Amino acid sequence: MPDSLKDPEMYEKLREEGNSKSKAAAISNAAANSSRSEVGRKGGESGSYEDWTVDELRERAAELDIEGRSSMNKDDLIEALRHH
Numbered sequence: 001m002p003d004s005l006k007d008p009e010m011y012e013k014l015r016e017e018g019n020s021k022s023k024a025a026a027i028s029n030a031a032a033n034s035s036r037s038e039v040g041r042k043g044g045e046s047g048s049y050e051d052w053t054v055d056e057l058r059e060r061a062a063e064l065d066i067e068g069r070s071s072m073n074k075d076d077l078i079e080a081l082r083h084h
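For the sequence shown, the tail end lands on 84 under full-length UniProt numbering, and the numbers increase by one without skipping.
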């Protein structure tokens, strides 16, 4: 976790939802500088892993070199990605 975070709790939640480290840091720091609801309206919606297709999840798992991804179902892929 970066040392310069202004809202570590929000950062952790964003990471658990599948956001990249840089995106989670940017969103949590922007929220600390203004109201959280204002930041939510500014950006787009990336969606959670539940909204992704199995192929998209496998592609992301490949990027992260997660072992056994080819035989995982959607729930297993989501779990592996969240805990990577």
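These are computed hints drawn from the structure, not numbers from a lab.
Quick caveat: nothing in here was measured; it's all calculated off a predicted structure.
C-beta atoms are modelled at their ideal positions from N, C-alpha and C, and glycine is treated no differently.
Treat the hints with caution; some may be incorrect.
Cut-off 30 Å, straight-line C-alpha distance, at most; resulting in silico cross-link-like pairs (DSSO-like, lysine-lysine) [said to hold, decoys possible]:
#, residue 1, residue 2
1, LYS6, LYS21
2, LYS74, LYS6
3, LYS13, LYS23
4, LYS74, LYS23
5, LYS74, LYS21
Pairwise CB distance ranges, derived in the manner of DEER restraints [what the hints assert, rightly or not]:
#, residue 1, residue 2, range
6, GLU79, LYS23, 19 to 25 Å
7, GLU12, ASP51, 16 to 22 Å
8, SER71, PRO8, 32 to 38 Å
9, GLY68, GLU16, 19 to 25 Å
10, GLU16, THR53, 16 to 22 Å
11, ASP76, GLU12, 18 to 24 Å
12, GLU12, GLU50, 14 to 20 Å
13, LYS6, ARG82, 21 to 27 Å
14, VAL54, LEU5, 19 to 25 Å
Outcome of the hint check:
no., hint, verdict
1, LYS6 <-> LYS21, "holds (14 Å)"
2, LYS74 <-> LYS6, "violated (33 Å)"
3, LYS13 <-> LYS23, "holds (12 Å)"
4, LYS74 <-> LYS23, "holds (24 Å)"
5, LYS74 <-> LYS21, "holds (23 Å)"
6, GLU79 <-> LYS23: 19 to 25 Å, "holds (21 Å)"
7, GLU12 <-> ASP51: 16 to 22 Å, "holds (21 Å)"
8, SER71 <-> PRO8: 32 to 38 Å, "holds (35 Å)"
9, GLY68 <-> GLU16: 19 to 25 Å, "holds (21 Å)"
10, GLU16 <-> THR53: 16 to 22 Å, "holds (21 Å)"
11, ASP76 <-> GLU12: 18 to 24 Å, "holds (23 Å)"
12, GLU12 <-> GLU50: 14 to 20 Å, "holds (19 Å)"
13, LYS6 <-> ARG82: 21 to 27 Å, "holds (23 Å)"
14, VAL54 <-> LEU5: 19 to 25 Å, "violated (33 Å)"
Hint compliance for this structure: hints 2 and 14 are broken, all remaining hints hold.
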